[in-house]
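Trainee: These protein sequence lines are chains E and S, in that order.
Numbering-wise (numbering that gives the first Met the number 0), the first sequence opens with residue 0 and increments by one.
Numbering-wise (numbering that gives the first Met the number 0), the second sequence opens with residue 0 and increments by one.
Hints were generated in silico from the structure; no laboratory data involved.
Note that the structure is a prediction, hence the values are computed from the model and not measured.
Mixed in with the good hints, there may be bad ones.
As the list claims (entries may be wrong) - Incomplete in silico selection of chain S near chain E, CB under 10 Å:
| id | residue |
| --- | --- |
| 1 | T17 |
| 2 | G18 |
| 3 | S199 |
| 4 | S266 |
| 5 | L268 |
| 6 | L275 |
Think of the CB as a built atom: it goes at the ideal place given N, C-alpha and C, for glycine as much as any other residue.
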Amino acid sequence: MVPLKYHWRSLRRRWAGALLAAAGIACATFALCLALAVAEGLESTYGATGHRDNLLILRTGASRESQSELDRATIDRIRLREEVVRASPELVLTVHRQRRGGGTGFLVLRGVTPEAFRVRDDVWSDRALRPRTTDALVGRRLFDRFANLEIGGVLRIKGVDFRIAGSLEAEGQLHESEVWVDLKILEEEFHRGPSSLLVRAREPASLRRRLEEDARLGVQVQSERAYYGSKISTARAIRAVGIFLSALLSIGALAGILNTMYAAVASRIRELALLRVLGFSPAAIQAGIVLESVLLAALGGGVGAGSLFLAHGTSLGMTNWSLMAEVVFPVTATFEVFLAGVILSILTGAAGGLFPARAAIRSVPARVLREP
Amino acid sequence: MKFVLRNALRNKRRTLLTGLSFALSLFVFLSALNARAAMDDWDREADRHHRLVVHHALGMAHQLPASMAKELRERLGDRLEGDEEGRPLVQRADWLRAFTSDPQDWFGAVAVDPEPLRAMWPDLLVSAESYAAFRKSERAVLIGERLWKRMRSNGYPWDVGRSITLHVPVFHCVLQDLTIAGITRSENAWGEEQLILHWSYLDRATGGKGRVQSYWLKARDAASLPELKARIDAEYRNSPFPTETQTEREYADSVRSMMGDFRGGISVLGIVISLLLLAVAGNTMAMTYRDRAGEVAILRALGFGRLRIVALFAAESILISLSAGLLAVGLGLFLYNMAGITPEPRALPALPVTWGTAARVLALAACAGLLGALLPGWGCVRRPIVAGLRSAD
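For reference, chain E alone in the conformation it holds in the complex (with noise of 0.2 Å):
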């Protein structure tokens, strides 16, 4: 094996080429960790939510909380039942509101009472909500994407001035990207019930079996999961375009790569046919010229994948067409996306130094050797 040391130098004496080089292969890397950091911190925000014994109970037919509306007798009669540990009949709206910084979206309201409080393991504020005042709590998340959100401002829908007095603070759900206010005040200026009730089980299998085989009930159950769950379909599509684009874009920086590597070997062929001479194996000089390929490319990988923690934490906002509400999420680098960025660099540099290696064994030897 051809000591690591000769490669290192060969690189740092060509280094320009190399760091632009490297520089390629670091821009198609960053593309792909943003997109793959992207749809990361969209799946966990709705992968976060909801309790695993919840279950989410819903008219039939609806396809969201705010399509769906149920009557207090149904309420009641699931909410009394003894599997029921704990019920919370909630209300959620979306209203169209000015962003901060220009245009608008769908900002979500969720009428609730001390009740969903308890339902939910991570979901606290540091203000309690008074039941039949107009106090609203405002999610953390939110604060920055729409205008006149501040602690102690106040939000007016229809014809209530909801007065702002505190923060919602939910461990990276979606509730951090809703408006809760009191449900009773709610309801009354909508002239609504309420559109859902979350329940804990004991048992959450045998529950929902058996209310779904009521049909007197008219709802629909899942498990609170299970319903965020299925609303990240863009989480999926946003990771399919990003590993595409780099794949083209990385085959844009291999032809980079490719001639730094065919320059490097065109200059050094007397070096290498020394190398033969001194009895190194065609596959070691093919297998360093790999290395040195693939060293370069890590270098820029890890430069592209790394400044992606310059992006970590970047609040995202986007209008989740399935729910009709605003999700904010912040860019999620995590060990994962940094991993896939050098793996990918890594294969580029590996590709990048195959065929320069092969043309460099394929001169031969005594006949560049006697060339002056």
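Take the given structure of chain E and dock chain S to it, following the hints.
Mentor: Just chain S now, with coordinates in the frame of chain E:
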């Protein structure tokens, strides 16, 4: 010129690789520009037809009463454009998602009042017979050409005269025995992705609640738009159904802003691609300069000015990059304009390459080629001539 061309072909492999790299990256850039243009497509003609849309002040998720149509006609009739029979143009419209059998094959549909359709939407091209057939029966529907072609290629037997069933999840109802009255074409791609049905039929099928998502109005001229907006909103501000009226352009803007940060993402992608192109171009040219350092020295010894030498290299670089750009544009024209390929027709109906897009792509190609030659060239031509001659090994 010949000199430049011959030089470019001296190291064929390098030129080819550079060109390929450029072409691919420029194609991605082209696609990104197209995606953004498709999102903004509505904007293009939004002012032309002086249309207004009225919806609930709280957003499209909340509905207005159907009776508002009559009130709007009576109160604003004189300021509105009229149809063939002279009635003021006011049209109910409910936008929905629908599917026929497979929920995954959903598409956009709009339930409207049929009478004002042609006059309100002159950009919708429908034949006289189709339109008459549509108006005659409450169960008739019109289908946009793109949607029609796509569904047929997916195996749905959609022919004119056939009956189809429509599932509308948002209202949990199924509309049976709808007849296809005709195919529509449109001046903008979105129009060809819709199925148009009668609002009255949808209303009856959903229990006659008499609620509608929005009203479209056509004003006589652009000047009356602001006044109409103000009047309508003032009229209903204190009623149980406060309205928000927008011009078509404002409405398109707000729909576009709901795309959120996607458009920003495309800009980021564009920057990344530009940097990649610059890196590749710079790399190639740096190697070229290095190879020809001896020749550069000779040229300088002969009296060629520094600028002229760099210009020669720049010309070579730009030749390669522009050729790649043309290749990318050609590929885009083939895929997008001729074959009409788009990754998600329901969100981005068409991605045609426009002159503007092609120009931008070629401009980026030329700039990257130029900068790629200038930056390394600066160092190269400043070296003393002797050093250059010596390094010609």
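Trainee: Give a verdict on every hint.
Mentor: Verification of the hints:
no.	hint	result
1	T17	holds, 6 Å
2	G18	holds, 8 Å
3	S199	violated, 22 Å
4	S266	violated, 12 Å
5	L268	holds, 6 Å
6	L275	holds, 4 Å
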